[in-house]
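Model the full assembly from the supplied sequences, consistent with the hints where possible.
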Amino acid sequence: GANESVQRALAGAQRVFQVLDLESELAKDEGKKILPPMAKNLEFSGVNFRYEGSDEVALHEINLTINVGEVVAFVGASGSGKTTLVSLVPRFYRPTEGAVKIDGEDIRLVDRSSLRRQIGIVSQETVLFDDTIRNNIAYGRLDASEEAVIEAARAAFAWEFIERLPQGLDTLVGENGLRLSGGQRQRLAIARAILRDPPILILDEATSALDSESEKLVQKALANLVKARTTLIIAHRLSTVQHADRIVVMNRGKIEEIGTHATLLQQGGLYTRLYQTQFLLAQPEPLPTTS
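Going by the working numbering, the first residue of the sequence shown is number 130, and it counts up by one from there.
Check the hints yourself; a few may be wrong.
Label pairs and their in silico Cβ distance ranges [claimed, not checked]:
#: 1; residue 1: Ala352; residue 2: Gln396; range: 24 to 30 Å
#: 2; residue 1: Lys349; residue 2: Arg402; range: 18 to 24 Å
#: 3; residue 1: Leu301; residue 2: Pro165; range: 35 to 41 Å
#: 4; residue 1: Ser274; residue 2: Pro295; range: 46 to 52 Å
#: 5; residue 1: Asp232; residue 2: Glu292; range: 19 to 25 Å
#: 6; residue 1: Lys383; residue 2: Ser274; range: 24 to 30 Å
Computed list of lysine-lysine pairs in BS3-like fashion (alpha-carbon distance at most 27 Å, straight line) [said to hold, decoys possible]:
#: 7; residue 1: Lys356; residue 2: Lys345
#: 8; residue 1: Lys230; residue 2: Lys383
#: 9; residue 1: Lys162; residue 2: Lys230
#: 10; residue 1: Lys383; residue 2: Lys169
#: 11; residue 1: Lys169; residue 2: Lys230
#: 12; residue 1: Lys356; residue 2: Lys169
#: 13; residue 1: Lys230; residue 2: Lys345
#: 14; residue 1: Lys161; residue 2: Lys230
These aren't lab readings, by the way, just hints derived from the structure by calculation.
Backbone N, C-alpha and C define an ideal beta-carbon position, used for all residues, glycine too.
The following block contains the structure:
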């Protein structure tokens, strides 16, 4: 469905951003204004959206301001609109009504590549090229020094496995990183984003958990990545968003609740139900107690 195609769009975004800034139908009303790095906020103002050829409204009257440096997680059932909403920021889609603004500037009026230079995407499908680890990390910043590449790898907790490889940074990763484990691929994608150093980060969280050791390393790497960055997390697992500054709960294209993990649980609304469902599913059966 439409939601899956958005997820594919996000997954392929790194390719699109970094290989070719592909021309699209958006080019016909392309703004020429260069967008300076975000200083204040990102705002969704009266945003409505429906997919082409669909009567169904995918987003309805979204009003939300995200301040610079804030970590905001979007949660909701599949099809709730969380992925669609976040996809408006890099202009994969245009709102049917309303606007997305950065520091008060409607992003439709700015040069698209100047917008996308500000956005880093770490998606659930890590896009790696059949090339060396070095070139995969340096993608989008090919002028980066070896020191900068190593520093990014260290911050992403990837350096420890890289330096154990016989060819180190010059190791070929294979088609789409086949020679690496899932956790290693994710940490390389995080190292790439750290090196690009974008002010805005979109994190499309992996749906499936890695083994607990890899998961810990990926979470530590992500903690380094989001430092001092405005971060939008499309969350599929509620366990990872508990430390977000705010959680936006989406339901059928609308914002149903906004708050911190603690305040939302106190409200006992949709977030509480989602949390209980996920948490109970993830809990092992309790052992029978012996009296």
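Results for each hint:
{"no.": "1", "hint": "Ala352 x Gln396: 24 to 30 Å", "in the structure": "holds (27 Å)"}
{"no.": "2", "hint": "Lys349 x Arg402: 18 to 24 Å", "in the structure": "violated (30 Å)"}
{"no.": "3", "hint": "Leu301 x Pro165: 35 to 41 Å", "in the structure": "holds (39 Å)"}
{"no.": "4", "hint": "Ser274 x Pro295: 46 to 52 Å", "in the structure": "violated (23 Å)"}
{"no.": "5", "hint": "Asp232 x Glu292: 19 to 25 Å", "in the structure": "violated (41 Å)"}
{"no.": "6", "hint": "Lys383 x Ser274: 24 to 30 Å", "in the structure": "violated (47 Å)"}
{"no.": "7", "hint": "Lys356 x Lys345", "in the structure": "holds (17 Å)"}
{"no.": "8", "hint": "Lys230 x Lys383", "in the structure": "holds (19 Å)"}
{"no.": "9", "hint": "Lys162 x Lys230", "in the structure": "holds (13 Å)"}
{"no.": "10", "hint": "Lys383 x Lys169", "in the structure": "holds (25 Å)"}
{"no.": "11", "hint": "Lys169 x Lys230", "in the structure": "holds (11 Å)"}
{"no.": "12", "hint": "Lys356 x Lys169", "in the structure": "holds (16 Å)"}
{"no.": "13", "hint": "Lys230 x Lys345", "in the structure": "violated (35 Å)"}
{"no.": "14", "hint": "Lys161 x Lys230", "in the structure": "holds (15 Å)"}
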